[in-house]
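Asker: Residue-level listing of the chains:
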Amino acid sequence: MCNAGDCCLPTCAPGANVNQDEILLNRARAFDEHALGEIYDAYFERLYHYAYRFVGDVDSAQDIAAETLRRLLEGLRDGRAPNHLGAWLYRVAHNLAMDQHRHRPAEGIVSLEPDLDQADEADTEADSEQRLAQEKMRAALAQLTPEQQNVVVLKFMEGYSNAEVGVLMNKPEGAIKSLQHRALAALKRALTGLLVL
Amino acid sequence: MVNLIDALDDVLARVATGESRAACIARYPDLAVELTELVGAQDHLSALAAAPVLPADALAARRRQFLSTARTYKRQAVSTHPFQRRMAWVWPAQRTGQPALLPVLARVAIALVLVLSVVGGTVAAARSSLPDSPLYSIKLTVEDARLNLTSDPSQQATLAMTFASERTHEMERLAIANRPISTLVSLRLQNQLDSALSAAARAPEPEMLRLLDQVRSMAQIQERALTQAQLDAPREASSQDALRLAEQAVTLAQQRAEAGLADPDAFRHQYRRGQDAPVQPTPLPEATTTPQSQTSTTVPQLTATLEATLAPQPSHTPQASVTPQRSQAGTGQPPTSAPGPQTTPGQAGPGPQATDRPGGGSGSGGGTGGNNGGGRRP
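Line order of the protein sequences matches chains A and B.
For the first sequence, position 153 matches number 153 in my numbering, and the numbering has no gaps at all.
One gets my numbering by counting positions in the second sequence from 1 and adding 1000 to each.
By construction, these hints were calculated from the structure, which means they are not laboratory data.
Glycine residues also receive a C-beta, built at the ideal position from the N, C-alpha and C atoms.
Heads up, some of the hints might be wrong.
As the list claims (entries may be wrong) - Pairwise CB distance ranges (calculated):
1. Ala1058/B / Asn95/A: 16 to 26 Å
2. Val1002/B / Ser128/A: 36 to 46 Å
3. Asn26/A / Ala1106/B: 21 to 31 Å
4. Glu67/A / Leu1112/B: 41 to 51 Å
5. Ala1022/B / Ser128/A: 49 to 59 Å
6. Asp59/A / Ala1106/B: 43 to 53 Å
7. Ile1005/B / Asn26/A: 31 to 41 Å
What the hints assert, rightly or not - Which residues of chain B face chain A? A partial, calculated answer using Cβ under 10 Å:
8. Asp1006
9. Ala1013
10. Ala1041
11. Leu1067
Looking at chain B on its own, in the form it has when it is part of the complex (with noise of 0.2 Å):
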């Protein structure tokens, strides 16, 4: 059984093609009636004429009228983009086709982004660099500015406390990968452990006790740490005497909290005076730097330095040496003629107690030399 719909849009779709409509209703007996109505509506519907054609300059004068607005209408249209319709609510320039304040500041800021990501990428990378890295001294450069942009004594100990601790992993990585160790490293370590001790001498009472008792915990553990990378390291002399120097700076460090510990007034004496002399250069073949020297005595010179030193001495043993020299010579006492490497705390002398520096103690003169001791003698 055919129903209406589909008898009425068979019979229009013929009639369509050409069929006859009588014919084509005759298909469907029972509808007759219905689809003869249907139909016949349908030709009342030709009384409404067709459109004239429209002429060809009119139609391209409509065009161009509407290419035309749609010009006016792109300037002022807003992202499709949900979020920048709602920017465009809040800038209104958006909408305008103005040059819009948005877009400057956003490339502004997308700019800064980018500088930041790449500059904040390589400082992050170089995080973890090593001596021998190009980004080494981009690490190096983060270390100084963080030390300088810190104002606190405290954090200033903590923060090169934290630096020496990486110098020395630094060097025990460079050991553990059988790659040369630079002296600069120790150089380095030494600067920034009596930057340590400098900066806790500058701490009130407490926590100057604190700080040291740090530092003092932390050269022990720096101690067995360069004495495994000196098995480590590769057999060559500079590595090898990289490491010394690094370990004699850290047991230097490590007497002189000791020394703090024990007498408070006398090491913040000897510190406060230490950074009121006036700057010295090296004169010596000296290897080590005084809390003075630390802020005055640049890295290079203290490379040449100890390039000096070390050149003519390759088997030079610093324990022999250099400790219990710098100790007395920090207690402005003569130096021993045959110094030996277990010297302890209390045999060293720290820095601290001495009050007057006679200078013979490393012969490196002036107000620096007592801690600069460390003196190589021949």
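Isolated chain A, as found in the complex (with noise of 0.2 Å):
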């Protein structure tokens, strides 16, 4: 079990994590297999994860999570390695997520209101609230800005401590501190808008 305000991730002792991620870009610049094959394990579900909370769909998230991969190759190709790997991968699958559940509305796939001529007919009333529940709750931290927005999902959805998220973002834990008040004081705008909405 991880103490709360360590660092859990897999190849997270202190500082380790940015070198092991460096040792990982170093060889994945060389199209190494192996390495290739460690960033996606260590990174494809967590990726998945992350995206599903904006998206709430899996195959959806499964591409996200997929597709962010594929950028990095492609970045690779290009010699345009990112030179923090965490934080690229999140970010980009941050920006996915977001286009995506902008994309959303005009695609009919997700509306802030339940749909009820699409709906299931096996869907059961409780069903439906939560599916309702769950896209104000999108369309509140859609409101959040990226940095915030990573730091609730990563933070208080995923489990991950401040120094971790540090990690994951490529930034000091006492800026996550500050994000996470700053995130948490936006969401209770946000859903109070859509409360009284």
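Got two chains here, each in a separate frame; can you build the complex from them with the hints?
Answerer: As structure tokens, this is what we get:
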């Protein structure tokens, strides 16, 4: 069990995670298949869970995670490898998730209001309420800045400690504390607005 | 006074470990209202459920796809080195993974550079080698190549003088090091002095005079150096003979240069005749060559000749016979019976003055005899 405040990422001895990522990145620049496999194993599921919080769809979340890692390969191919692997991957995944979230209403995939006409008849009322609550929560989340969203998802949903979030976002722990305060305040305001609506 | 940021972080951390939220907030009575609202906002996040765990086969399939994409991109990838990335824009084959022209050219260029470096290094090392060094033959080959590649008579003469000076310098170094001196070096010196004179004869008149003056000056310097070398060299007969032979060659060259300066037409005529004459082997034990023989007689031939000459007469004193006889042979006059070493240029009667060759001077016969001179008469 990881104590609160500790960095419990798989490769996260203090500072070691960054070094580990740097080593992996250096090998990945030469398209070392083992290194790329390690990166995939370390990040695909994390990115999938992260994206799911935003999009709420398994396939879309998988696609976002896969596309994020594909873009990493693209960067490596073109000599644009990131300096900080974790922060770069989460930023790309976040952008992809936000793009998807923005396009969803237009595509009719997700709406803030439950679409009863298209709802599965098998859905119970409770399911509908749950879906509605989820979409409202995502709408509130979307009003936060990208960094605030990252902190909210990584810390309060994925359960990472301040130190771990700092590593993943490439920020000092003090900045994460400050961010989480602003994020919760912004979330409260956003939820209040949505509830009023 | 604890600020709200730290208080919130503390409350969140305690709540995460299972402590009561109310108890945690109660630790900060001044911030209780704000903390309650902020921590309460977190409650709504539970609406967003965690993602379901993915089946292993789905993960494996995605992983295979990822690695397959990686292999494709690897073939398209440019180097991470900035210079090579820029080159990839010039040679797009670098980006396509196709067999690229650049690597082939680069490999050829690298191979050429390596070969040239090795050859260049060897040649550079050979440049300072001495006759007893394994690299010496390379040095001579390079000198010959440079001479053969030069068509301008003036440059040929200058090169030949440079190489002749190098021979003298080699003999000096060997003498100082008390190492044996081969007669091959003397023969080479003589050959190159003859080359210098022959090339000077082919140059236009003013240039020829300038070159002959250079030969004369160089010969004077070399003569002094060789005299000193005889004192430094090993006492063994072969080394001393080699030095004496070299000194004679230098003296003769000096005399011929002076004769050429005195009568350029005769000098030029004689050397042109020498060039036009048929190549003759050296039938007699002559140790020197003519301007003609310099191009036709090989060093091994001369060596054999010299050895044949020196062998039966190890105590022979070249000064007493070679120079005057050679000079007289060059003039076509009968050799003196008692030649002296103090022959002056005027007395020597340099070769160019001889327009006909009775052949009696050196006994070497043919058109080469006059300059071959050097008759070591028993």
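Asker: Honestly, which of those hints from before does the structure not fit?
Answerer: 5
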